[in-house]
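There are 4 protein chains.
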Amino acid sequence: MERTKVALLGSGFIADIHIESYQRFVPEAEVVAVYARDINKAKAFAQKHHIPNWYDSVDDIISKSGCEVVDICLPNFLHAQTTLKAARAKKHVIIEKPLAVTLEEADEMIKVCAEQKVNLMYAEELCFAPKYERVRHLVKEGAVGELFMLKQAEKHSGPHTDWFYDVDLAGGGVLMDMGCHAFGWFFWMLNNARVKSVTASMSTVLHSPRTKGEDNSIVIVEFENGVTAVAENSWAKHGGMDDRCEVYGKAGVVYADLFLGNAALAYSKNGYGYAMEKADTTAGWSFPIFEEAFNQGYPHELKHFIDCVRTGQPPLVTGKLGRDVLEVIYAAYASAGQGKKIELPFKAQVKKPVDLWLK
Amino acid sequence: MERTKVALLGSGFIADIHIESYQRFVPEAEVVAVYARDINKAKAFAQKHHIPNWYDSVDDIISKSGCEVVDICLPNFLHAQTTLKAARAKKHVIIEKPLAVTLEEADEMIKVCAEQKVNLMYAEELCFAPKYERVRHLVKEGAVGELFMLKQAEKHSGPHTDWFYDVDLAGGGVLMDMGCHAFGWFFWMLNNARVKSVTASMSTVLHSPRTKGEDNSIVIVEFENGVTAVAENSWAKHGGMDDRCEVYGKAGVVYADLFLGNAALAYSKNGYGYAMEKADTTAGWSFPIFEEAFNQGYPHELKHFIDCVRTGQPPLVTGKLGRDVLEVIYAAYASAGQGKKIELPFKAQVKKPVDLWLK
Amino acid sequence: MERTKVALLGSGFIADIHIESYQRFVPEAEVVAVYARDINKAKAFAQKHHIPNWYDSVDDIISKSGCEVVDICLPNFLHAQTTLKAARAKKHVIIEKPLAVTLEEADEMIKVCAEQKVNLMYAEELCFAPKYERVRHLVKEGAVGELFMLKQAEKHSGPHTDWFYDVDLAGGGVLMDMGCHAFGWFFWMLNNARVKSVTASMSTVLHSPRTKGEDNSIVIVEFENGVTAVAENSWAKHGGMDDRCEVYGKAGVVYADLFLGNAALAYSKNGYGYAMEKADTTAGWSFPIFEEAFNQGYPHELKHFIDCVRTGQPPLVTGKLGRDVLEVIYAAYASAGQGKKIELPFKAQVKKPVDLWLK
Amino acid sequence: MERTKVALLGSGFIADIHIESYQRFVPEAEVVAVYARDINKAKAFAQKHHIPNWYDSVDDIISKSGCEVVDICLPNFLHAQTTLKAARAKKHVIIEKPLAVTLEEADEMIKVCAEQKVNLMYAEELCFAPKYERVRHLVKEGAVGELFMLKQAEKHSGPHTDWFYDVDLAGGGVLMDMGCHAFGWFFWMLNNARVKSVTASMSTVLHSPRTKGEDNSIVIVEFENGVTAVAENSWAKHGGMDDRCEVYGKAGVVYADLFLGNAALAYSKNGYGYAMEKADTTAGWSFPIFEEAFNQGYPHELKHFIDCVRTGQPPLVTGKLGRDVLEVIYAAYASAGQGKKIELPFKAQVKKPVDLWLK
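Residue numbers (my numbering), protein chains in the order written: chain A, 10 to 368; chain B, 10 to 368; chain C, 10 to 368; chain D, 10 to 368.
It should be emphasised that the hints constitute simulated quantities derived from the structure, not laboratory data.
A couple of the hints might just be wrong.
Treat identical chains as interchangeable: a pair holds within one or across any two.
Simulated crosslink set (BS3-like; lysine-lysine; CA at most 30 Å straight-line) [unchecked claim]:
(1) Lys368 - Lys312
(2) Lys221 - Lys278
(3) Lys14 - Lys160
(4) Lys349 - Lys126
(5) Lys259 - Lys361
(6) Lys14 - Lys259
Using the sequences provided together with the hints, build the complete structure.
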């Protein structure tokens, strides 16, 4: 079997998850090279994961590594320019969330990838998380009847890396970082139903000296099909990652909890190494999760993308979804800024989404 | 011990809970009479519960039963007029939620009770529910640090009695029926902090032929102290009662679930009698709750009210809270109607709150 | 209402629970006096709880306090002699578990109480714990069909008081302390079905320098009706009290958890005052329980006993049950000692049950 | 990459799980042929799963399919003879639990595989189930201190296939079918510690007309290192598969639940397709599990075995473990039959283990 060659851009938290997913679960893919800004970091990552080549130049890894797919695990502000470079070099693109910082960037990424006939594959792993997918399939089987409300929450105590807190690099706060998941999943659950309006409440409650961005937000999305959706996102929630959904239909409900709901339950007088993402402590009661990457759907997602590249079938999750998510984020910031419901379609000329709230 | 004489007005679902609470847990009180519109219902209720007298006239039960306290478990549209009659007869008043249909009624109830020097005791049982109170005390001890977000949800598949669905009698839909609890509990948790703004999304998803009122709502309340609160209320949620809260502080979180979180877990091939309020079925898996009235705090609430009457100390939960809750309800309907955030204080001249949404 | 006069003997952990239960939930009872070995402790307890009289003589409290009921919350080795004194003074007796240290004591207690025509009321609160009672009623309704297996577990990290660890005073270890609950509840669930055999495994795993008694045990009880029951008891389990049951029938199952299953779920960076019985810490994740005495059934139990005294009806839980439980405990120690199944009826001449294991 | 060729023997429930595991998660393996007694079943299975060859002769599939590994998913009574054939043909063997029906068979299987220098890989998937492995690693990190008790339970309402109920073909009832898992996992958790004694209670409560074997059992295993272990196994438990473990150490506890504890929670008025293994119904509340094979560890197990074949490293789980498990099963039946604790090592000359109980 000839394997599909992937260049991995980035060597941080999410790059770790991608490399684990490829190597354990996607045998059709071969990660042939890794890029990091710091060549020593790139080399260390490559050696740790038995990747044959490493680079500190984006241009070089794209042109010289022999890759067919560029998998972009870089900070938000680099998403657009890197995607454009890869696409113009005729490489398929896997792009982590959010798709881009601005709608203009998003539109150009979609346009250029289409022109270059490469896939723009938007890595929303909740569309593949096996427990969430179980929920979606139940709903499709009619288990809860016609939907009328969706809720999705993702919360922890804040990112470990500095650029997330710099709104000029990230484009916003927790909504840019984690709101993407909720909005992407809403579209996924509702077959890309169109949004009617967005209403948001935001605040900076825990990290205010460190960031101008919001670290807590509630967003209500009303869809044209009558479904109401609620996204809760926070960087101010202690005790480890929280990732939950609730689905309400006229004939039933389904709840799913990816972290506490998949974990063992431990009581340790002395603590131990690691419980789950962002858990502060392991002494006392804790919820040790297992197969963390698998349970969030990364292997399923990357396998699907590599399959698409190999077979030519169109990916189920594309730049279109990422662009729609970004539009909801714009509308959410505008709603929080103006204190009113924002109707979609919505467009605004800003340098970054959070400007619609911060002003 | 001389017991405090209570006249109970109403013989429905909530009257059952009050009489159980008095008789099992409030020995200082004696229910001396019951009123129902239908004298046969009144008599049957009285005989079942060993209440010596029964009436089908509100005036009579107030004037003739020898009561010191009138406990009003009647439909919403009767709250104001019954309270005024009781107060003018110098009886203390226990009034079920919501306090009244309109703000004008609420204001008059408060004024007249003050003039007559009787207590207007607002029966928000979540202020007494022992699990919720446990949460509140944790917070006061500093367990989660400074609060920044509260959530409270109350959901089931819809009331059993017709008048709830008639907005002219009820004043609105699920928000009038169950939103009261969320808003009352927010004020209670936050020491009557002042509300800055209210934003709401509402819809009628399940009971649309039967009611013009909303049967599903999400309300965001922003407080002046920086706390954001989210109330979720639904008459469209199957599988039994759902009553949950989440408390977010800068140093931790607390979650509490009054029904699934206090129940046993049963699997029955054939089913059995009763699992919990509004459970459709007991076959298959079910969550049988126990001591349902106690776990919701009714005994604690009524004991406190009777203690207040006996000792002269002021009740902790009064018409003031009920009035503040009603103002939030007004603002929520207005927000859903106008598609924007409504700032408080808010007042509007309407026959009933839901008119601000229905127009 | 004339209240029934109770003398409370003891001022420790369990006496606290009894006094709270009487004063909040059993208005028909009046605790008129308290006894403690140390008069200062007795006085402090009395003053804290507004009890008018206190004693440091068992004879005096029985003869001089004017009580009708003696409620014995003393260490195991005092159960028999105190019961006999009370019965001979024509007082009804409420006796905490275990009924006695030896079967001979138990038999004499039952005989003397019968002769004196006073109630010997055995305070097995699991027969009244509302969640467990909910389970029992489900079973009686046929929810799970014919029973074939029961499990009950009670575990924590060990008692706070020294005498529990002294087998000469306690008669044994965790089985004497907490195994009582399991065996008593089995009889209760099975309508006093007869035991066919008992098999036990015991060890001293955590408290071995401090006690010769077992601190961990597993006991299998086979009943003549074909039901198998498993009791798990431990003084070596960290993380707070664990009290759970499982009921297996030919048409279903029911599970109930009195502590984790009734608690809120909190995450606290700094900790707070108290989570539940025997919880070591409140920092990190914890399970704060609420209404701890009520949820274990103490008020329901004591109310039933006082009702029996007032009405003359026979108590549902008597010395007979306590004696049957003690026989199972004897058999369990003998089984652990001899490494074989012990058939009932079983009798042995020993100073204390644990001798059958320790030898 | 040259793939390792596997012949799959069997086309039932467990063969489905193995083929899914190989094809999704073990790219180093290639299933080249399938055997079933009925050639049409073999062909249908092969075509469904894109397996190139199918056989109805064990000899043929071993000699003609070109396989390096024979994976035996056949009924218990065929385990020994098939293993011997494969080993003598120099094929590595993957054998589903239980290793064999008798200890004599087990001993010969181990001997012949050793002589032929092929791996005898015992497919105890609980040694690989990711949640259970998470628990084991916590323990190794010292999270709960020194162990003193293990519990493991596996329960459902009975197998779908007839031969399980025929003790002549299966060797016993639920203990042969599911007790293997508990005992294998105990040895795994305790680094193959030696067993001191076994005590068991068994009964036939639900399937008595259909089987002479036990369908409910409790087994206590005392290890020489002082650890007590309790295995609960049942074919009489309704409501879907139950697979749980509890680990008790001197400094903490860990609990893990593979089914209810990994599932979403759904309420469906109308039901839907499938919730989990052995769930009777999906109407009402249900616990839909996801990635069922993965969560039970089959992919991890088979990947490990194939890795061993490819690299020559010794498998971690071998016929030795399966033989030790079978010895405990023998002792358990003897204990239930004789009503006493059985000390190990234990041997008996019987045609099948259950004879030690049935007599």
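Hint by hint, here is what the structure shows:
1. Proximity of Lys368 to Lys312 under the C-alpha cut-off of 30 Å is found in neither arrangement, the shortest distances being 42 Å within a copy and 52 Å between copies.
2. Taking the closest pair of Cα atoms, Lys221 and Lys278 come within 30 Å of each other only across two copies (25 Å); inside a single copy the shortest separation is 39 Å, beyond that limit.
3. For a Cα distance limit of 30 Å, the shortest separation of Lys14 from Lys160 qualifies neither inside one copy, at 38 Å, nor across copies, at 47 Å.
4. Proximity of Lys349 and Lys126 under a CA criterion of 30 Å is satisfied in neither setting, with 40 Å inside one chain copy and 43 Å between copies.
5. Taking the shortest Cα distances, Lys259 and Lys361 sit within 30 Å of each other only across copies (28 Å), while inside one copy they are farther apart (39 Å).
6. With identical chains, the CA atoms of Lys14 and Lys259 are never at most 30 Å apart, being 46 Å at best within one copy and 45 Å at best between copies.
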